[in-house]
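Asker: Listed below, chain by chain, are the residues.
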Amino acid sequence: QSALTQPPSASDYPGQSVTISCTGTSSDVGAYNYVSWYQQHPGQAPKLVIYEVNKRPSGVPDRFSGSKSGNTASLTVSGLQAEDEADYYCNSYAGSNNFVFGSGTKVTVL
Amino acid sequence: EVQLVESGGGLAQPGESLKLSCVASGFAFSGSPMHWVRQSSGKGLEWVGRIRGKANDYATSYAASVRGRFSISRDDSKNTAYLLMGGLRIEDTAVYYCTRQPPDRWANDYWGQGILVTVSS
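Read top to bottom, the protein sequences are chains A and B.
Position 43 of the first sequence, counting from 1, maps to 43 under the numbering used here, and the rest follow consecutively.
Position 69 of the second sequence, counting from 1, maps to 179 under the numbering used here, and the rest follow consecutively.
I should point out that these hints are in silico values taken from the structure, not numbers from a laboratory.
Owing to the predicted nature of the structure, the values given are computational and were not obtained by experimental measurement.
Ideal Cβ placement from N, Cα and C applies to all residues, glycine included.
Honestly, I wouldn't trust all of these hints.
[As the list claims (entries may be wrong)] Here are some of the chain A residues that sit facing chain B, going by a computed Cβ distance under 10 Å:
1. Ser36
2. Gln40
3. His41
4. Leu48
5. Ile50
6. Tyr51
7. Pro57
8. Phe64
9. Ser67
10. Ser69
11. Glu85
12. Tyr89
13. Asn97
14. Val100
15. Phe101
[Said to hold, decoys possible] Using 20 Å as the maximum straight-line C-alpha spacing, the simulated DMTMM-like pairs for lysine to aspartate or glutamate come out as follows:
16. Lys106(A) / Glu85(A)
17. Lys106(A) / Glu83(A)
18. Lys47(A) / Asp185(B)
19. Lys47(A) / Asp186(B)
20. Lys188(B) / Glu126(B)
21. Lys68(A) / Glu83(A)
22. Lys106(A) / Glu111(B)
23. Lys55(A) / Asp219(B)
24. Lys47(A) / Asp219(B)
25. Lys55(A) / Asp186(B)
26. Lys106(A) / Asp12(A)
27. Lys129(B) / Asp219(B)
28. Lys47(A) / Glu156(B)
29. Lys153(B) / Asp12(A)
30. Lys129(B) / Asp186(B)
Work out the full structure, taking the sequences as your base and the hints as a guide.
Answerer: So this is what it looks like as structure tokens:
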């Protein structure tokens, strides 16, 4: 199972928006609405920010939103804040009880 | 408060075995599938495997990179999940995280702090 494809980096200014793509195949992202997104700050464990494509866990700001079209899922962070600077990873169920992560995207707040 | 605490990491030589433990608290452990995820230094996250609960016969699944070498188990009476790593390779060097999947969601909502495993001769 190959890693899902994410852009290595994304950036924008405070208050602006950044969208990160996560491209898989018709066997994982395209087949199931089981895409989740994780935020990871340096030296810390990942934190769930979106699950099942577009659902937000309690406590996650509504600046974080998710969507999916075909084999590509996306995470949008609106109203960028300094604390949003982190690495972001997507994850998808890939069938047969297997899961796969994306390659990761480093978000920089300029 | 939900807590996941890993232990058992350290240094191992290629070919050796190591067993990680993950003690859980603050939630109904027996009903939650548990995953292991690893991260090599400066690299991305890699899903290692999952063990489901008693209702699903403790079914396990593994990434191709570890299948046949690693084994996940759990002891619900001790609220503990385990990762037995055999035939260790240099490329298994990573921080290993245990994570909880809620029974009603497809995601990992709580993560341990991670434990470092180093494989070196």
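Asker: With reference to the structure, classify each hint as holding or not holding.
Answerer: Structure-based check of each hint:
no., hint, in the structure
1, Ser36, "holds (4 Å)"
2, Gln40, "holds (8 Å)"
3, His41, "violated (12 Å)"
4, Leu48, "holds (5 Å)"
5, Ile50, "holds (8 Å)"
6, Tyr51, "holds (3 Å)"
7, Pro57, "holds (6 Å)"
8, Phe64, "violated (13 Å)"
9, Ser67, "violated (16 Å)"
10, Ser69, "violated (19 Å)"
11, Glu85, "violated (17 Å)"
12, Tyr89, "holds (5 Å)"
13, Asn97, "holds (4 Å)"
14, Val100, "holds (6 Å)"
15, Phe101, "holds (4 Å)"
16, Lys106(A) / Glu85(A), "holds (8 Å)"
17, Lys106(A) / Glu83(A), "holds (13 Å)"
18, Lys47(A) / Asp185(B), "violated (26 Å)"
19, Lys47(A) / Asp186(B), "violated (25 Å)"
20, Lys188(B) / Glu126(B), "violated (26 Å)"
21, Lys68(A) / Glu83(A), "violated (25 Å)"
22, Lys106(A) / Glu111(B), "violated (30 Å)"
23, Lys55(A) / Asp219(B), "holds (12 Å)"
24, Lys47(A) / Asp219(B), "holds (7 Å)"
25, Lys55(A) / Asp186(B), "violated (29 Å)"
26, Lys106(A) / Asp12(A), "holds (12 Å)"
27, Lys129(B) / Asp219(B), "violated (24 Å)"
28, Lys47(A) / Glu156(B), "holds (15 Å)"
29, Lys153(B) / Asp12(A), "violated (23 Å)"
30, Lys129(B) / Asp186(B), "holds (17 Å)"
Hints 3, 8, 9, 10, 11, 18, 19, 20, 21, 22, 25, 27, 29 from the earlier list are contradicted by this structure; the remaining hints agree with it.
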